[in-house]
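Participant: Starting from the known structure of chain A, fit chain B onto it as the hints suggest.
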Amino acid sequence: MNASFHSRIFDILQKRENIKYLFILPTGIFLFLTIIYPLGYSFILSFHSMNLAKPYLGTHFVGLGNYIECLSSQRFFSSVKATLNYTAIVVSVQFFLGLGLALVLNSVKSPKVTRSVSTVLILPFILTPVAVGLIWRFLLQYNGIINYFLSLLKLGPVEWLSEPLSARVAIITVGVWRGTPFAMLVLFAGLRSLPIQIYEAAAIDGVSKVQCFRYITLPLLIPFINFVIIMRVMFELKIFALPYALTGGGPARSNEMLSLLGYIISFRLFDMGLGAALSYLIFLIILIFILIYLKLLSKAER
Amino acid sequence: MRRNLRKVGVIVTITVFLLILTGGSWCVAKETLVKRFAGTELNFFALAQVATEFVKDEILPTFEKETGIKVRMDFFAWKEATEKHTIEIAAGERYDIYSISPSWIGVDAKAGYLEPLDDYIKKYAVDMDNYFPHARAFATVDGKVYGIPYHDNPVAFWYRKDLLKAAGMPVPDTWYEVLDTAKKLTKDTNGDGKIDQWGFVIRGETAGGGICWTWFPMLWSFGGDLFDENWKPTINSSEAIESVKLYKDLFKYSPPGFLSMWEVSKAMTTGRGAMATLMAGHVFACDDPKQSQVVGLVNIANMPRYRERSSITMTTMVGIAATSRRKEAAFQLLRYIADPINVERGGLPFKWCPAMPFVYDLPGGNRWMKDIKGCLEVAHPGPTFPELYHWYDIVGNELQRVVLGEKDAKTAMDDAAAEVYEVMKKAGYYK
Chain A
1 MNASFHSRIF DILQKRENIK YLFILPTGIF LFLTIIYPLG YSFILSFHSM
51 NLAKPYLGTH FVGLGNYIEC LSSQRFFSSV KATLNYTAIV VSVQFFLGLG
101 LALVLNSVKS PKVTRSVSTV LILPFILTPV AVGLIWRFLL QYNGIINYFL
151 SLLKLGPVEW LSEPLSARVA IITVGVWRGT PFAMLVLFAG LRSLPIQIYE
201 AAAIDGVSKV QCFRYITLPL LIPFINFVII MRVMFELKIF ALPYALTGGG
251 PARSNEMLSL LGYIISFRLF DMGLGAALSY LIFLIILIFI LIYLKLLSKA
301 ER
Chain B
1 MRRNLRKVGV IVTITVFLLI LTGGSWCVAK ETLVKRFAGT ELNFFALAQV
51 ATEFVKDEIL PTFEKETGIK VRMDFFAWKE ATEKHTIEIA AGERYDIYSI
101 SPSWIGVDAK AGYLEPLDDY IKKYAVDMDN YFPHARAFAT VDGKVYGIPY
151 HDNPVAFWYR KDLLKAAGMP VPDTWYEVLD TAKKLTKDTN GDGKIDQWGF
201 VIRGETAGGG ICWTWFPMLW SFGGDLFDEN WKPTINSSEA IESVKLYKDL
251 FKYSPPGFLS MWEVSKAMTT GRGAMATLMA GHVFACDDPK QSQVVGLVNI
301 ANMPRYRERS SITMTTMVGI AATSRRKEAA FQLLRYIADP INVERGGLPF
351 KWCPAMPFVY DLPGGNRWMK DIKGCLEVAH PGPTFPELYH WYDIVGNELQ
401 RVVLGEKDAK TAMDDAAAEV YEVMKKAGYY K
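Residue numbers (our numbering), protein chains in the order written: chain A, 1 to 302; chain B, 1 to 431.
With the rest of the complex left out, here is chain A (with noise of 0.2 Å):
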């Protein structure tokens, strides 16, 4: 039995078109004990009561239970309020203000220059989030060095982190410092892949700069644009690290994020059902946003 059994998997392998199995298999037991088994065990998991710091009550089947508590806390909606309210402004400024990076670096003949400034401007992009929201609570103190050049400009001091709207202002500002660079590197990937050939002719047809602008070059962006408008609302909408080390979620909650608010209820509560229930959300929330964008995109297309 064994022999045959051997000799079965040998001659398996033998073939050629199964080697490429075999060298994949590595990458996929990575795969399946990092994300697809994490994820199937949290979705198991948000359809029982689970309590960390009570393990002697045990872990019961509670059905739909820990969605509709989810749904039905007014701490979930302010928290969808808060993320939405954040998601929607920082989003905004990064594409725009990432796009006008974009044309500017394009602007430049110089690659040299452009290699050097860009290389600069993606630095906000590769820093630790924790680490950034550490160094700019430091900064926006009652006593930092940012109300220090305020108080110079006769416009501050300024109570950044103690008060519900100034503390938003203030995520906000850094979370559209931390992302602006990716929107501007992909803008600008796309701005450079652009076919001169059309500029030209429309410059033998004397079309003004602006009129290339609307006409030509937001147009041929339009894949570009989807992308890093998906790939930030994604990512915005999920934001954890700013409001954690800026506010903890304060003050007075008035900060807290939906993934802020998972990890509260995952790893301060202990609740490990209702986090994972609210983490479903969160996807959930992010999946239908994609659909909405992609529906509507489809329409403008037609």
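Rather than coming from a laboratory, the hints here were simulated on the basis of the structure. Just so you know, these numbers come straight off a predicted model, no measurement behind them. A virtual CB, placed ideally from N, CA and C, is assigned to each residue, including glycine. Treat the hints with caution; some may be incorrect.
[To be verified] With a straight-line cut-off of 20 Å between C-alpha atoms, the simulated SDA-like cross-links for lysine to any residue are:
| # | chain 1 | residue 1 | chain 2 | residue 2 |
| --- | --- | --- | --- | --- |
| 1 | B | K84 | A | V130 |
| 2 | A | K299 | A | F224 |
| 3 | A | K54 | B | M356 |
| 4 | B | K407 | A | G65 |
| 5 | B | K425 | A | P55 |
| 6 | B | K373 | B | P386 |
| 7 | B | K425 | A | V233 |
| 8 | B | K79 | A | L52 |
| 9 | B | K425 | A | S73 |
| 10 | B | K426 | A | S73 |
| 11 | B | K56 | B | A427 |
| 12 | B | K252 | A | S166 |
[Claimed, not checked] Some chain A residues near chain B, calculated using beta-carbon distances under 8 Å:
| # | residue |
| --- | --- |
| 13 | Y56 |
| 14 | Y142 |
| 15 | G144 |
| 16 | F270 |
[To be verified] Residues of chain A placed beyond 12 Å of chain B at every Cβ, according to the derived structure:
| # | residue |
| --- | --- |
| 17 | D11 |
| 18 | S166 |
| 19 | V176 |
| 20 | G206 |
| 21 | M231 |
| 22 | S266 |
Facilitator: Below, chain B alone, put in the same frame as chain A:
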């Protein structure tokens, strides 16, 4: 006579011989016991504190030499440790020994994550009477001991003696005297139109229950409490509401923002704060010229009073994970930490605040010892029930809303009490 003398001589000889024999074998037994775990490796989840650094730098070298047990310590800051330790201890076998705060011990003990230490304490004759009564109370859950206290860090009243003297003001004794003094000491000292000296620096972050820990001494001082004897919330009693109003009033004289423990300490060491209430263990930094601009100028005193003086203390303990496979070896380290000789070595020059009262009475201690002991003597055992994290989340949020002016004290505390009631009801406290 000669026969009697001979008899006595034989008896004495036999007695001495037996003593030597048993004494020798006892020494061999002790040596065998201590060396029995040689070669064992232990992992220690440690709170990042001066006390645990003392354990790493001063206790571990001799411990490892004497026992042959190797210990690896991983340090975690308070905020991260609060969130991470439950995950680690629930997950299982990574760590044998844990630093435990009073906020966690109730949860961990009831969840079965910690090993009861009573049998080890009896076997190795660890004298728990060496500790402050509140430290013993913290370490005990449902009649069983789960931790050995080592660092007893009470909230104390800090003040700048030079600023009070310059203003001609005595050290305030009551909470309303603190408020009055804070108002007078909050000022723009350099004429730039911006306040740069704050009368009372106050901790207000919600993470880790920080804002609640600042409020607790005020609450108890006013005669309030968290629950009644039937676990019904009493945080909306008239005494509690008065204490919340005081908390809000004091906030006006604190730098803007809901400060962390570190930020309060920094405000004092950089000379921006005139008074504060904060863990006594941090005052050590005020006399460190590398960190402080106010060396020798910060004193601590016992907590202000209203009806009574009250403090709260962070009695950090060390405990053993129930899943550890090296429990008895781990207890050898706990014994070393509990040894009064080691406690005296660390506590006397004020490396940290020991949980044993005798150290505070020894000569040669630092200038704060007497007042720290005073705070420890009025320290309440902090809350340690399983729903504590949820309680901190609810009450901390409402306290911040009061400070922001979004709610008045009564409405906020009524809302908090109602929400806490629902949590306790769901947890089965009310039949």
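Participant: With reference to the structure, classify each hint as holding or not holding.
Facilitator: Hint by hint, here is what the structure shows:
1. For the suggested pair B/K84 and A/V130, the alpha carbons sit about 16 Å apart, so the restraint of at most 20 Å is met.
2. Between A/K299 and A/F224 the alpha-carbon distance is near 18 Å, which keeps this suggested pair within the 20 Å criterion.
3. At roughly 32 Å between alpha-carbon atoms, A/K54 and B/M356 are farther apart than 20 Å, so this suggested pair is violated.
4. For the proposed pair B/K407 and A/G65, the alpha carbon gap of about 31 Å is over 20 Å, so the pair is violated.
5. This hinted pair checks out: B/K425 and A/P55 have alpha carbons roughly 18 Å apart, not beyond 20 Å.
6. Between B/K373 and B/P386 the alpha-carbon distance is near 29 Å, which puts this suggested pair outside the 20 Å criterion.
7. At roughly 40 Å between alpha-carbon atoms, B/K425 and A/V233 are farther apart than 20 Å, so this suggested pair is violated.
8. Pair hint B/K79 plus A/L52 holds up; C-alpha atoms about 18 Å apart against a cutoff of 20 Å.
9. This hinted pair checks out: B/K425 and A/S73 have alpha carbons roughly 17 Å apart, not beyond 20 Å.
10. In summary, the hint linking B/K426 to A/S73 is supported, as the alpha carbons are separated by about 16 Å, within the 20 Å threshold.
11. Proximity of B/K56 to B/A427 is assessed by CA-CA distance (about 40 Å); at most 20 Å being required, the pair is judged violated.
12. For the suggested pair B/K252 and A/S166, the alpha carbons sit about 18 Å apart, so the restraint of at most 20 Å is met.
13. With a cut of 8 Å, the hint placing A/Y56 at the interface with chain B holds, because the nearest CB-to-CB distance is about 7 Å.
14. Against a cut-off of 8 Å between C-beta atoms, the interface hint on A/Y142 holds, since the closest Cβ of chain B lies about 5 Å away.
15. With its C-beta approaching chain B no nearer than about 10 Å, A/G144 sits outside the 8 Å limit, and its interface hint is violated.
16. Residue-level restraint check for A/F270 holds (minimum Cβ-Cβ distance to chain B is 6 Å; threshold 8 Å).
17. With a closest Cβ-Cβ approach of about 43 Å to chain B, A/D11 is found to remain outside the 12 Å limit, as its non-interface label requires.
18. Not every CB of chain B is more than 12 Å from the CB of A/S166 (nearest about 10 Å), against its label as outside the interface.
19. The claim that A/V176 lies off the interface holds: its Cβ sits roughly 22 Å from the closest Cβ of chain B, which is beyond the 12 Å cut-off.
20. Residue-level check passed: A/G206 sits 59 Å from the nearest beta carbon of chain B, beyond 12 Å.
21. The non-interface label for A/M231 is consistent with chain B: the shortest C-beta to C-beta separation is roughly 29 Å, beyond 12 Å.
22. The Cβ of A/S266 sits about 9 Å from the closest Cβ of chain B, inside the 12 Å cut-off, so the non-interface label is violated.
Comparing the model with each numbered hint stated earlier shows that hints 3, 4, 6, 7, 11, 15, 18, 22 do not hold.
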